[in-house]
Amino acid sequence: MDFVLNDEQAELQSAFRTFCDGRFDIDTIRRLDAEGSSVDPDLWGELAGMGVFGLRVAESEGGVGLSVAEAVLVFEEIGRAIVPGPVLWTHLAAGFVPGAVDGSAVVGGIDLGDCAGGPILLEHPDALDCVLVLDDTGVRLVDGEDLDSAPVAVPLDPLTPIGLVTHLPAGDELGGAEMARRLRREGAAFVAAMQLGIAESATDQAVSYAKEREQFGRPIGSFQAVKHICADMLVRVEVARAAVYAAGVTFDDPTLGNLERAVDAATVCATAAAHANTKANIQVHGGMGYTWEVPAHYYLKRAWVLETTFGTADQAADRVACDVGGDTST
Amino acid sequence: MDFVLNDEQAELQSAFRTFCDGRFDIDTIRRLDAEGSSVDPDLWGELAGMGVFGLRVAESEGGVGLSVAEAVLVFEEIGRAIVPGPVLWTHLAAGFVPGAVDGSAVVGGIDLGDCAGGPILLEHPDALDCVLVLDDTGVRLVDGEDLDSAPVAVPLDPLTPIGLVTHLPAGDELGGAEMARRLRREGAAFVAAMQLGIAESATDQAVSYAKEREQFGRPIGSFQAVKHICADMLVRVEVARAAVYAAGVTFDDPTLGNLERAVDAATVCATAAAHANTKANIQVHGGMGYTWEVPAHYYLKRAWVLETTFGTADQAADRVACDVGGDTST
Amino acid sequence: MATLKPYRRQRARGGVPFHEARMDLRYSEADERFRSELRAWLEDAVPRFEDSHDVPSADDLAGRREYDTAWQGTLFEAGFAGIDWPAEYGGRGASPTEQLVFHEEMARVGAPYVGMNFVGLLHAGPTLMSEASTEQKERHLPRILRGEEVWCQGFSEPGAGSDLASLRCAAARDGDEYVVNGSKIWTSYGEVADYGELLVRTDPEAPKHKGISWLILDMRTPGIEIRPLRAIQGSIEFNEVFFDDVRVPVRNRVGAENDGWRIAMVTFSFERGTAFVSEMIAVSRATKELAALARKVTRNSATAWDDVALRREIGRLAAELDALWALVKRNVSEAARSNQPPGLGGSVLKLAFTELNQRLSELTMQVLGRAGIARSDIGGLPLDDLTEKALRSLSLTIAAGTSQIQRNIVAERMLGLPREQRTES
Amino acid sequence: MATLKPYRRQRARGGVPFHEARMDLRYSEADERFRSELRAWLEDAVPRFEDSHDVPSADDLAGRREYDTAWQGTLFEAGFAGIDWPAEYGGRGASPTEQLVFHEEMARVGAPYVGMNFVGLLHAGPTLMSEASTEQKERHLPRILRGEEVWCQGFSEPGAGSDLASLRCAAARDGDEYVVNGSKIWTSYGEVADYGELLVRTDPEAPKHKGISWLILDMRTPGIEIRPLRAIQGSIEFNEVFFDDVRVPVRNRVGAENDGWRIAMVTFSFERGTAFVSEMIAVSRATKELAALARKVTRNSATAWDDVALRREIGRLAAELDALWALVKRNVSEAARSNQPPGLGGSVLKLAFTELNQRLSELTMQVLGRAGIARSDIGGLPLDDLTEKALRSLSLTIAAGTSQIQRNIVAERMLGLPREQRTES
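Residue numbers (the numbering used here), protein chains in the order written: chain G, 1 to 330; chain Z, 1 to 330; chain X, 1 to 425; chain D, 1 to 425.
Any given hint could turn out to be false.
[Claimed, not checked] The following label-pair restraints were derived from C-beta to C-beta distances:
#, chain 1, residue 1, chain 2, residue 2, range
1, Z, G217, X, D306, 54 to 60 Å
2, D, A292, Z, G217, 49 to 55 Å
3, G, E35, X, A62, 39 to 45 Å
Read the hints as simulated data drawn from the structure, not as lab findings.
Glycine residues also receive a C-beta, built at the ideal position from the N, C-alpha and C atoms.
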């Protein structure tokens with residue numbers, strides 16, 4: 001047992017963080033927002049070049065050949081930099097949707113479970129070549145041309161444009177219920193990783209603002225009220241990190257324990273961390289926090305979008321409860 | 001509209017507070033605890049003399065003839081002083097159980113709704129002359145001699161001894177479902193008043209300790225962490241007070257609005273205030289807070305007992321939700 | 001033996017009928033007469049106003065000014081402007097409880113909101129009434145009531161937020177004018193306001209609370225530059241305002257030179273006291289709407305309402321709102337008795353209400369579920385309104401004194417805990 | 001173009017098999033061999049021990065001492081005492097991960113808890129190992145491991161709680177003895193302990209952190225008076241200890257004179273690091289038991305389990321516990337790598353775990369409902385255990401550094417926020 005990153009994993013993560021710092025800095029985020037484009041072809045190409053889409057695809061098939069635990073580290077950074085676009089769906093599709101692995105196909109997706117009973121919403125509708133559709137019975141692939149959607153004028157997250165799906169063709173069946181379950185589980189784990197990254201970034205932003213900003217002749221971070229908000233942010237991050245990394249490791253070594261429960265624990269802890277920390281970050285920033293002058297709002301909005309992607313924390317907690325209570329009825 | 005205490009109400013409350021300060025000071029509470037007696041005949045007589053049991057009984061029938069809103073002020077003080085004994089049940093019984101009004105009959109009670117599905121527990125079993133029993137169908141009076149109960153060795157609250165009822169005779173029917181509903185509603189309102197008093201006392205205790213106790217060369221109340229705990233305590237008290245007094249006023253003038261909802265709002269807010277404030281009081285007291293050296297623990301334990309007396313805050317919130325949502329199904 | 005009986009008897013002896021003497025939540029007959037009159041008028045006036053005025057979009061500031069001031073003018077014409085303002089300035093001279101009835105009835109029929117008249121009616125106006133010269137009052141108060149003057153607030157600065165008294169925007173005396181240099185922030189509607197309530201430093205040498213003055217600023221004075229700031233929900237809600245040698249006549253100062261801090265504190269007690277009565281009514285309505293929404297929104301095979309955890313939280317919020325509404329009535333009763341602006345109780349109300357509001361927002365997003373990633377109405381869901389409110393609610397624990405500052409106030413001024421060791425230069 | 005491929009290739013080139021090189025939650029083969037050995041022994045030893053020893057009541061301190069030390073002796077005889085202590089003191093000299101396996105297996109079979117050996121095994125012992133002289137180590141460490149010495153802690157004082165360094169219990173040098181006067185508080189098991197770890201002020205003139213020394217106190221020394229304190233749950237858990245000219249040989253000082261503060265800090269890092277591994281396992285079990293209880297307890301026509309709000313909170317707590325258990329594994333892995341006591345991560349764990357524990361208690365009381373007003377088992381409900389745990393949990397956010405102090409530590413030492421303006425005399 002050695003539940004810390006090894007040197008190579010630390011280097012992998014640090015290299016990808018450096019990449020994001022350079023390519024997805026806050027000015028770029030603001031530019032993409034202003035341009036109303038969430039998928040910039042050049043940046044998409046760079047993500048492909050880094051191997052983000054084929055991260056878990058074998059080298060022989062054009063991928064990087066990493067494990068889930070390592071892909072989790074990359075998605076943590078994608079969250080930290082709030083990289084826009086259907087990165088996760090294209091990553092999930094790599095290996096069975098042609099062109100996904102090298103980013104030449106931009107793949108979006110819909111988990112009908114998330115939309116159950118409500119409108120069917122599709123993220124980044126204008127950028128997609130094809131769309132994966134998951135439901136309890138299986139996985140289908142729909143050509144982007146065949147799907148009709150009406151643009152939603154204002155999305156919650158300015159960097160996640162939304163379309164209301166008005167016609168969803170049957171598409172081609174790619175797999176059955178088991179494949180859908182697997183994709184959802186992987187998707188939930190990477191969403192949790194992104195939420196972890198968002199929670200971390202919110203903490204970093206709050207802490208550096210608290211060190212700089214002075215009121216009453218002292219940095220606001222010297223006041224216990226602010227100090228304790230920041231301390232609680234770090235606690236949530238560390239708890240979420242443990243859960244998210246544990247889920248990644250359990251994917252790679254399923255004999256370690258109950259994989260579904262490990263993913264659910266990651267969802268519960270990472271969602272809570274991202275939700276509370278992005279809100280706390282705004283509070284620490286004071287008036288600036290609820291303007292577009294500082295990036296805090298982008299993080300909060302992205303975290304809210306991810307909260308309903310591949311299932312909610314409430315659903316995850318309900319499943320964990322049934323596992324703990326040996327209740328198989330639900 | 002004049003939703004503040006008038007002079008006479010303020011004097012009434014202040015006079016009763018002075019009485020409690022003198023008769024139910026913390027040394028008395030400790031003595032009763034040590035003696036294992038929750039009903040001291042002399043003190044019970046003094047409560048009767050003050051008119052606590054006949055507070056709402058007409059003067060012509062030996063009572064004080066006050067309204068519910070004023071009785072609420074008295075029960076707030078009973079909570080503040082954690083006066084032990086079946087004061088509330090005897091008060092509820094006054095007017096229809098002989099001897100209750102002047103305290104010559106010590107009346108206990110059981111709301112079978114509170115015990116639903118669990119053991120039937122009776123407070124102060126050894127002190128009771130008779131026991132009111134409420135259920136959905138009506139109200140019964142059982143002679144203390146006829147009821148069998150086994151003493152519970154350790155009660156949660158040292159000043160609320162408990163018996164496990166092993167035989168509950170049918171007793172005499174005093175009224176039907178409507179009377180049971182009325183007694184529960186009144187009981188819930190006075191429980192909320194006592195919880196308000198407990199929440200206030202916990203705030204007072206925490207604030208005075210925070211002013212006195214020094215660490216790091218300053219009173220701990222000068223640290224924001226402690227200061228903000230205390231501020232939140234006061235906020236909860238003021239919110240609870242508004243809800244509890246509003247419920248009292250609504251009893252006296254039912255055309256003001258939905259009485260059940262007013263009582264439920266009082267239950268929700270006062271329970272939350274007592275629960276959180278008694279816990280916060282312990283935290284502010286540090287190590288001393290979880291010993292018997294300071295009275296904080298008595299308050300916490302009493303608040304916990306009251307949380308399940310005449311229905312819980314969860315049940316009250318569920319009813320308010322149904323009222324808000326126009327849901328008549330539950 | 002001690003007994004509580006005298007308290008009953010004393011009252012009986014006094015001869016005052018029982019129900020009038022005691023703590024009471026019932027509106028007086030006069031209040032109810034006012035309500036009937038107002039209600040009758042609103043029934044006709046609101047539809048008529050709405051027929052003749054298009055609701056402007058959030059970004060159309062000029063349109064919003066026109067709309068808000070037109071409604072204020074309509075109220076004034078009918079005698080319903082400034083319910084608790086003295087008649088001499090065009091107000092109704094009525095009681096605080098009638099003011100409360102006014103809010104209730106306005107909310108009941110969904111009448112237009114105070115909008116851009118907010119600062120004038122709720123901050124600057126009451127401050128002028130309390131502190132200004134007769135000439136200043138006569139000049140401004142009637143125009144505010146008639147909707148002819150829109151005001152904005154120039155208090156905070158980029159470097160002076162929670163520590164407002166550290167403000168540096170300087171007003172140097174030059175004859176009978178002040179020359180103002182510096183900047184202000186969070187001035188809502190700065191672009192379209194006529195006047196601003198401006199706090200400036202008139203004595204840079206004095207201790208920080210002692211060198212501040214309160215000025216009436218004509219927003220059309222040369223040298224004022226305005227930079228709009230975008231709020232989290234996307235619309236332009238406030239501005240940064242820059243002053244470059246802006247000349248303000250000394251006669252536009254309210255109160256004595258360097259006495260501005262005290263005067264500003266008067267404003268804050270208004271702000272904290274009754275400023276969210278309307279919002280509270282709106283939130284109460286929102287809670288009801290959320291319950292109705294939860295009963296409609298299906299999630300898998302059940303509705304959101306079937307989820308006891310969500311439903312119970314709706315119940316808790318509604319119960320707490322009932323309590324806060326009673327607390328408002330207590331604050332108003334106290335103000336009516338003492339004839340003073342609402343005091344520190346406003347901080348208690350603000351702490352409780354803003355947190356409750358945020359919990360309602362979180363619950364709303366939970367009920368919306370996946371649909372909440374869109375902010376345009378789809379599938380019969382009022383997403384535009386709900387997501388905007390949810391985002392906007394994040395400002396509530398910050399604006400007009402953060403929750404941290406409010407807790408300091410409650411702890412230090414209401415509970416008497418020792419003051420923070422703050423550096424006061 | 002930048003790519004992540006090298007990170008895969010580099011590892012392949014290194015020749016180290018993939019699964020051994022990476023972050024790993026799997027116990028090693030050596031750990032698992034240890035587990036099998038321990039498990040086999042426990043299977044036989046626990047029932048044998050329980051057959052020959054009656055479980056003493058909470059108030060029977062002498063009986064508890066006898067029970068706890070007998071179990072420690074049994075462990076020692078079998079070679080399972082001090083798993084990660086060096087062999088020279090009778091320990092097993094094994095890895096921190098084997099220590100974790102030990103806790104897991106002990107909890108799995110419900111073996112007796114460390115009990116009164118807590119201070120010796122988890123605080124004083126590790127401190128002696130790190131800081132004491134060879135003679136002191138040889139004198140005490142093996143006896144602690146064998147269950148022959150019970151220790152207590154004399155750090156806090158009535159006037160020195162969170163501000164421990166302000167302690168005033170004085171030790172005046174008199175030849176080769178210190179003469180101790182003053183008092184200590186929160187000394188668990190003080191009446192039956194053999195030794196105490198004692199912090200005293202040896203230089204009253206020095207700055208407060210600089211004048212403290214760490215002494216080994218023989219609890220049988222004349223002049224010690226003990227006043228028991230009752231804990232919230234009703235039992236005597238700790239004491240106030242008074243010192244009246246208590247003579248302690250100078251050779252019983254650990255480390256240099258006036259270096260006691262640094263040494264005490266070593267103890268705290270142990271306290272915060274692994275002290276609640278056993279408790280965490282206990283809480284994990286408690287969560288399972290609560291779920292089972294909730295499925296049994298009926299409330300009106302349904303079970304507590306049918307209340308989604310309660311059930312979901314059980315799920316949330318279990319999920320967070322899973323996360324905290326993973327966090328423990330990370331802390332242990334870091335300690336194993338660095339061969340250092342667990343660091344500040346312990347404060348993070350303490351904050352999260354103690355709060356979780358209190359939430360579990362609240363939930364337990366909610367599930368119990370009305371039955372929770374009794375603390376004796378009735379109606380098939382384990383009320384004695386559950387209510388005691390619920391009350392006891394209130395101490396967790398206070399003892400061993402309040403949550404407020406832990407947040408200061410996290411903020412100042414981990415996040416680098418500016419230090420509190422505290423008066424350090």
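Structure-based check of all given hints:
no.	hint	verdict
1	Z:G217 x X:D306: 54 to 60 Å	holds, 56 Å
2	D:A292 x Z:G217: 49 to 55 Å	holds, 51 Å
3	G:E35 x X:A62: 39 to 45 Å	violated, 28 Å
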